[in-house]
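Visitor: Chain E: place on chain Z using the hints.
Below, each chain spelled out in residue letters.
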Amino acid sequence: MRTYILRRLLLVIPTLFALSILVFMSVRFIPGDVIDAMVARSQDPDVLVDREHLERKLGLDKPLYVQYALWIRGILLEGTLGQSLFEKWDVEDRIIGRLPVTAQLGGMAIIIGLMISLPVGIYSAVRQDTVADYIARTIAIIGLATPNFWLALMVIIFPAIWWGWTPPLEVVSFTEDPLGNIAVFIIPSAILGTAMSASTMRLTRTMMLEVLRQDYIRTAWSKGLRGRIVILRHGVKNALIPVVTLIGLEIPILVGGSVIIENIFALPGLGRLMLLALEDRDYPVVSGINLVLATVVIMANLLIDLIYPYLDPRVRYR
Amino acid sequence: MISGVAETQTGNLRPRGRLRGFLTRLGKEKPLGAFCGCLILLLILVSILAPYISPYPYEEMHLEDRLQGSSTKYLLGTDHIGRDFLSRLMYGARISLFAGLSATALGVVVSVLVGGISGFVGGKLDLVLQRIVDGWMAFPGLLLLLTIMSIVGLGLLQIIVVLGVSGGIGGSRVTRGAVIAIKENDYFLAARALGSRADATIRRHVLPNIMPILIIGFSISIGGVILSVSALSFLGFGLPPGSPDWGSMLSREGRKYMEQAPHLALWPGVALTIVIYCLNMFGDAMRDLLDPRLRGGER
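As they're listed, the protein sequences go chains Z and E. No gaps in the numbering here: position 228 of the first sequence is 228 in my numbering, and each next residue is one more. Throughout, my numbering is defined as the position within the second sequence, counted from one, plus 318.
Chain Z on its own, in the form it takes in the complex:
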């Protein structure tokens, strides 16, 4: 058990290292003509960007390993991700300011996704091969094929045409106006959540069917336990363990989805910042967001792996 945790913790280090190299490289390999485009792009007279200044700011004038060392030192010792190329703000401040929006979007999406997928998946397994099971599976497969950006457009367009209803756009903080805050987030996170629920529902159903065939379920039935107890206490509890892993695997997809959804619904989160920075070719911002979001993904998966032994005793004693 202790070796499992230790092993898992140690495995994070090379992954983070490889990740940092990837993020670092993505900015260092910008071709020369892109730098020209970046110079041409900045028209702000205050931040006069010329080629030399830009190369110095990106650190392109030093050998590669020195650049990497400086970049890592800046992050680890000074907690800085650099400055925006065209405006004078620190990348880490802006990221911290925008993180709550993306976190709330993602968190609500996971909750909504689970609220749909778990009950449907369990019901579908318990009533295997009935009409309800068939309908649920069909909807899930269609859901897997539906692009979330298209779904979002449909949700914006058709209610507006039919009922004159448009989703609220102004983000208000939860502490000031909880209901208004939820109202802004509920539709975007529902779209993200439903996209996620299709695969979660399918896995829940498969796992539940697997568990229901086990000997201990037959034992529970033959002891004369009530159906609800057998299904919930003996079945669901065991079927949900792999689902937890799936949630970890879906976090990167969720992050990608939030880039799309934040842009369609004009939510001021990291995804929107990312796209704006990409359009401006503001690469310190881009690599900062990449590093933060990818680290969040790695940490989330680490966390899931670490709580896994508590959920599944079979892992604990291996």
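Because the hints were derived from the structure by calculation, they are not lab data. We treat Cβ as the ideally placed atom computed from N, Cα and C, and that holds for glycine. It is possible that some hints are incorrect.
Said to hold, decoys possible - Pulled from the structure, derived: some chain E residues nowhere near chain Z, Cβ distances all over 12 Å: (1) Arg338; (2) Phe340; (3) Leu361; (4) Pro373; (5) Met379; (6) His380; (7) Ser389; (8) Ile435; (9) Val439; (10) Asp504; (11) Asp517; (12) Ile520; (13) Ser561; (14) Pro580.
As the list claims (entries may be wrong) - Lysine to any residue pairs mimicking SDA-like chemistry, simulated, CA-CA at most 25 Å apart: (15) Lys574(E) with Ser199(Z); (16) Lys574(E) with Ile157(Z); (17) Lys348(E) with Ile142(Z); (18) Lys346(E) with Ile135(Z); (19) Lys574(E) with Leu276(Z); (20) Lys346(E) with Ile141(Z); (21) Lys348(E) with Ile156(Z); (22) Lys62(Z) with Lys348(E); (23) Lys574(E) with Ile156(Z); (24) Lys346(E) with Ile142(Z); (25) Lys62(Z) with Lys346(E); (26) Lys574(E) with Glu170(Z); (27) Lys442(E) with Leu11(Z).
To be verified - Covered, in the sense of this in silico footprint (three residues per stretch, anywhere, with C-beta under 8 Å from a C-beta of chain Z), are these stretches of chain E: (28) 441 to 454; (29) 457 to 466; (30) 538 to 549; (31) 593 to 604.
Guide: Just chain E now, kept in the frame of chain Z:
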């Protein structure tokens, strides 16, 4: 789980007879998958024949008929400069399918190179390569794709290479696993013991036996690749402006004229959903037939 792959390969050795037998099984055991496969074939045909069968050239403007709904003249209406939308969708199928198929094919090649080398050579090289793959896979896919696309620039070739390479690195895990499983087999050990050279071993023993895995990987990932192409284009980091691919159509005409002409946002999405649905069902059917042990959600 994967070690059984070798066994599914044995049996009928004549390629043509095997193909026909396979298609018969597909039709009998997986009618929905076969139906979806036929739809995809039809769509490929439409996209190849688009210049001959589309009602109008996709660039032809009819300025007097802007933003029209469906009619007998324009089956799916027209866009903001009066171009026939059905014709544009047909050409869009061309781009989506071509980009999707070639990126997925490239992805398979990359996955064989990365995963095959990693699994075959093993040892320290494997350890290092796998950590890089770890880092790559920890990256939220879309962020990575967006970043690379913004660096290499917009374009069909760019999107194919970027999606192919990144998909291949992701898929190399499975290839590596399959290669490692093959190395455990007696026929592999025997070949090595008899002094078979590495390249001959790979050609005669490794490649034929990972074929089912590769075909499965190919058919279950095309749908996702096509979805990525259109998501990138939707965000403005895929194909250059003006190309009639479904993602760009959704984000440009679709979003701009969504109140006056909602059909512009409706049809590309419907087309995408149907294509991805069919590719997913076809991929699932292929997987179930080629290797029942890898079976996923449905039973």
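Visitor: Enumerate the violated hints, using their earlier numbering and listing them in ascending order.
Guide: As far as the earlier hints go, 14, 15, 21, 22 and 25 are violated by this structure, in ascending order.
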